[in-house]
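Student: Here the protein sequences line up with chains A and B, keeping their order.
So the first sequence is numbered by this note's numbering: it starts at 4 and just counts up by one.
So the second sequence is numbered by this note's numbering: it starts at 775 and just counts up by one.
The reader is advised that the hints may include incorrect statements.
The calculated label-pair distances, taken between Cβ atoms and stated as ranges, are [unchecked claim]:
no., chain 1, residue 1, chain 2, residue 2, range
1, A, G332, B, L1094, 30 to 38 Å
2, A, A190, B, F976, 37 to 45 Å
3, B, G929, A, R77, 49 to 57 Å
4, A, H149, B, A962, 30 to 38 Å
5, B, V997, A, Q401, 24 to 32 Å
6, A, I375, B, F808, 56 to 64 Å
7, A, Q61, B, G929, 54 to 62 Å
8, A, Q324, B, Y1085, 56 to 64 Å
9, B, N972, A, I375, 55 to 63 Å
10, B, I805, A, N423, 56 to 64 Å
11, A, D400, B, I805, 41 to 49 Å
12, B, I1083, A, H149, 25 to 33 Å
Derived list of chain B stretches under chain A, where covered just means 3 residues or more per stretch with a C-beta under 8 Å from a C-beta of chain A [unchecked claim]:
no., segment
13, 906–920
14, 930–939
15, 974–987
Since the hints were made in silico from the structure, they are not lab data.
Ideal placement from N, C-alpha and C gives every residue a C-beta, glycine not left out.
Here is how the chains run, residue by residue.
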Amino acid sequence: MSRTPGLLAATGIDKRFGANSVLRNVSLSLAPGEVHTLMGENGAGKSTLFRILAGIHQPDAGQINLDGAALDLRNPSAAYGHGIYLVPQEPALLKELSVAENMFLGMLPTRGWFPSRIDWKTIRGQAQDSLSALGLDVDVRDDAKHLSIAQQQLVECAKALLRGCRIILFDEPTSPLTGREVGILFAIMRRLRAQGCTLGFISHRMDEVSEISDRVSVLRDGAVTDEVDRGGFDRARLVRAMVGREVIFDRRRVRREAEGEPVLSVRGLAHAPVFSGVDFDVRPGEILGFSGLIGSGRTEIAEAVCGLREKSAGSVTLAGQDISTSSIGDIIEAGLVYVPEDRARHGVILPMSIRDNATAGQIGRLQGKSGILNRGREIAIATDTMRRYQVRARGIDQPVGQLSGGNQQKVVFGKWMSTNPKVAILDEPTRGVDVGAKDEIYRLIEELSAQGMAIVVISSELEELIVLCDRVIAIYGGKIAAELKGADVTAARVGAAFLGAEAH
Amino acid sequence: MSNAATAASQPGHRAKPRPRRRELREVTLLIAIFAVVLGVGVLRPSFMSFSNIEFMILSSVVLGLAGISQTFVIITRGIDLSVSAVLGLSAMVFGLLSTTSSMPLWQALPLCLAMGAVLGSFNGFLVAWLKIPPIIATLGTYSLYGGLTFIYSNGLQVDQVSPNFAAFGNGNLIPGLPVPTPVLALAAVAAAAWFVLNHMKFGRNILAIGNNAAAAYNAGISVRRTLLAVYTISGALAAFSGLVFVAYTGSATATTGTGDHVELQSIAIALIGGTAIAGGRGNLAGTVIGSVFLSVVITALVFLQVPAIWYSAGEGLMILAAVTLGARRSSKA
Ligand SMILES: Nc1ncnc2c1ncn2[C@@H]1O[C@H](COP(=O)(O)OP(=O)(O)O)[C@@H](O)[C@H]1O
Ligand SMILES: [Mg+2]
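Chain B extracted, bound-state conformation:
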């Protein structure tokens, strides 16, 4: 009888370490990127030209920076819809300052980060102190910051930037190393973000809050201050991506960022990259590779001479496909 009882009760089965599916996600994305590049390259050989590949990588930098800021916010179970508006405002402000008042880059850069931080901290205040759901708070500031761009630009637009801006956007920081400065900037930001998320208390607190904010609070983590910091960083990174954008394209309009729905693109990148929309789990490498994926897909639509009116719909379908496949895989694992 004791025998039977033992057999029937569940043994405390040992939980084995599982293979990390995150790495799988990155590999899948890389394969998808190569498949698109090769496929489109066969049909349109110029797609694989050095200059086009450089273009795609450069345009993924702007997306990647916005995606990293979004990744941090999503890990906390939040969302930041205002990234595109902050990006646009920053591109407009610093594009105009570079030409009209010839502000040098070394002044523009800290000012830009500070402006983004202020805009982002307002989001953080709304979310963490006033307890407004992030999607509503940042929808409000999306309109607000987007509106500020119109007011500030007052009908003007940026169509060229000062040489030192252009050198930042298109040059190579390290002589002899043929890597564009923005790519180095993204690499530096991504590496710093990875370090923070995996090896610093602040990063672990972000993950803890995303898993269970009440439990994190009970463990003595300051939830409000951490959330404030996350939204502040998100604003600063979004503003930085606006600066990179205007530096390398040399142009900005009142609908830069919002017109391309960078807020939705950044969310899509984070999700494609393996960050959980329900929070508590993030994958920065996935976000960076996801931004390259999206940039490649968008460019491929152009090369395939898909009529321009189809871009938005095509991009949306690709995002849905990638996110659906990703979601299915992670629920199976």
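Chain A on its own, in the form it takes in the complex:
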């Protein structure tokens, strides 16, 4: 159990999907007992590289060696055989099967001769033991669909250990986790490392990377652009390697005190026990930040303001018009849009093209008297969206699902902004988006605000709030806990406020 795996080295890896060259002459080595992090923008090829190491994809060229011996990783079982396990980006547990069965998938022990029966007792016992060893308290007889994402990841870790795998690759595990869950995962990763396991890790979050990694490799457009050891982690250097240009995070203009009449006024908004007593105003050209932990009620408040969720009391006024009881269609028509956090579920229709998505918000206006869509206008709007929002894609007919997270988000923006709203509420606008695209999205938001749009940014990233917002409201336990403006918008104050430490 405590044997340290050998050096896993991939050299000269090429990988193409059709005409798309995803990895070009990539070399990566994972030294025994280290945590080796891959960084890179969305679409750089990080997942593809891990999948090749785990036998899911086969490289077009190059080879993989373990302790000097060449490996033939023709399928994942072959990789398990050599002790390599990938915890995938999207958890792949089988929902309708028990946790225990999931852990033994493909290697269910049996007993007796013909017909040999599955040995459920052993399965349950061993599954329960290995989960307890990781500190996960779930009943292994329960269906996997009842587990949270964090729990599913720990089950995947246990699966790796059950298969005797000592090289465990984590593909972007922390994106869907809360801060506390990240802490638990990191504690387990540290323990595995202490036991001699080699760990691969992918993350976009700089603080996480510097906390856990022994070594960082940066991928850009399918090639390794930099490799840095612990101690040499320098934020600017890593970002440059990832993006290929300087990205300046402290380019923040002066925080302005917006003037004029509020364009959106919310008074006494309540829906016990989720939120209550919510009052705030936003003025044209202002960027208002909404900070708060997940579960603080910030998303629920935004949804209630936009008519997407019930409220039991309160008024919402948009440009002098009371929209408290208006339908969603009327609210959008009046000029208030909500861009949700979960792109895939609410923001865009992944299998549909950029053209269809970009025009979905105003399909009514594209209809002629005959009821037939005006194709020329459609193309014009979609092309304009791509240009204005710098969407990188093959063309307006490429399905949105094929784009990187950042580019998907730009299409979502384009879709909503094409309705010319007066106020836009953006929920976690850069979730799952890499640094380069993040920067572009920040520029977009600032541009829109400079044109006079009022913008509310909901975010759990401190940096985002500080870089972007003129004013920050902290939500804690469904109430406004603090309001910070001007010189008070600092990391310390905002951070304290959304943890509930700052009184009103």
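Given the coordinates of chain A, assemble chain B with the ligands onto it according to the supplied hints.
Tutor: Using the frame of chain A, we list chain B with the ligands on its own:
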């Protein structure tokens, strides 16, 4: 502050074992069956006669066998529309063989299973190797196998079977035990199917594939071979149900099976019984009880003297009602 942070983050809540809703489903179905039997029995006392109850149970055997084969296929996220055509072809082939060439049952039975297995494995080949969506592949073979029945029968039909066939269809296998042989056959098949699904690797692989075929493949499960086996078994069971049908009714025509839309009935039974159309979850006991339910409903329509032209529509409404209620319950749970 640390206090607040802890309170606000979600605790890793412990997932408790839930009550099994499958058992609930079976109970609900049994209650529905008793309600229909009692209700119709009050209006038409002969509905509750021993002979009618025996008839309803016997006719549910054919449905039940087809339903079990369909259940396996649906668990893999597939569908087998050709079960009725295989049933009809088998009934015609073995009905005619029993009379024209007086083939004894002990020869007919393995031959019938083999024929069904071949027809089913062709479906499996289309689905697993040629990657044709199951609904399209089996729609094609539905027409193909149905057409073979017409060609083979060439205008003939079965109106009686040899005594040993009839004894299989209507007799009691175990002397002194008043249980018709087909009912024993269904019980044996259902028990074997249950064992396979719950206690054998093959069965667990079927469920894994239905949950997520790519993940199953990544775990080292041979997806293609498993699918081939599932469709092969489905064909064999469908052919067996055709043999039972011709043995106990003593008749078969070129539209046996397809004419009654047994393919749709078998799907309905599986869904009523609690098998998920999206795959990954199956309930064999539910399928068996569902076949009794459907058989009772169909017979009730006859006893209530509903005009024959209404049968199909009435049956359809019952199926929709049962499936809708079932779907609502499972989404709530
Ligand atoms: N199975 C696949 N088929 C075709 N293209 C793929 C496949 N997997 C990934 N790609 C493409 O390869 C590129 C790199 O993807 P990926 O490795 O997922 O990037 P990352 O994990 O760094 O965000 C992307 O352009 C993506 O569209
Ligand atoms: Mg990825």
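Student: Next, verify each hint and record whether it holds.
Tutor: Against the structure, the hints:
At roughly 32 Å, the beta-carbon separation of G332 (chain A) and L1094 (chain B) lies within the given 30 to 38 Å, and the hint holds. Checked against the hint of 37 to 45 Å, the C-beta distance between A190 (chain A) and F976 (chain B) comes to roughly 40 Å, which is consistent with it. The hinted window of 49 to 57 Å between G929 (chain B) and R77 (chain A) holds, with their beta carbons roughly 55 Å apart. Evaluation of the 30 to 38 Å hint for H149 (chain A) and A962 (chain B) yields a pass: the beta carbon distance comes to about 35 Å.
In this structure the hint that V997 (chain B) and Q401 (chain A) lie 24 to 32 Å apart at CB holds, the actual value being about 30 Å. Taking 56 to 64 Å as the suggested C-beta distance range, the pair I375 (chain A) and F808 (chain B) conforms, at roughly 57 Å. The given range of 54 to 62 Å is respected by Q61 (chain A) and G929 (chain B), whose C-beta atoms sit roughly 57 Å from each other. Take Q324 (chain A) and Y1085 (chain B): their Cβ atoms lie about 59 Å apart, and the range 56 to 64 Å holds.
Distance hint check: the CB atoms of N972 (chain B) and I375 (chain A) are about 56 Å apart, consistent with the given range 55 to 63 Å. For I805 (chain B) and N423 (chain A), the Cβ-Cβ distance of about 58 Å falls inside the hinted range of 56 to 64 Å, so the restraint holds. Range check, D400 (chain A) to I805 (chain B): about 55 Å between beta-carbon atoms, so the 41 to 49 Å window is missed. The beta-carbon spacing between I1083 (chain B) and H149 (chain A), approximately 48 Å, falls outside the hinted interval of 25 to 33 Å.
Beta-carbon proximity to chain A at under 8 Å applies to 0 residues in the segment 906–920 of chain B; the threshold of 3 is not reached and the given coverage is violated. As drawn, the segment 930–939 of chain B meets chain A at 0 residues by the rule of a beta-carbon pair under 8 Å; below three, the given contact is violated. By the rule of at least three residues with a Cβ nearer than 8 Å to a Cβ of chain A, the coverage given for the segment 974–987 of chain B holds, with 8 such residues.
Violation of the numbered hints given earlier is confined to hints 11, 12, 13 and 14; the remaining hints are satisfied by the structure.
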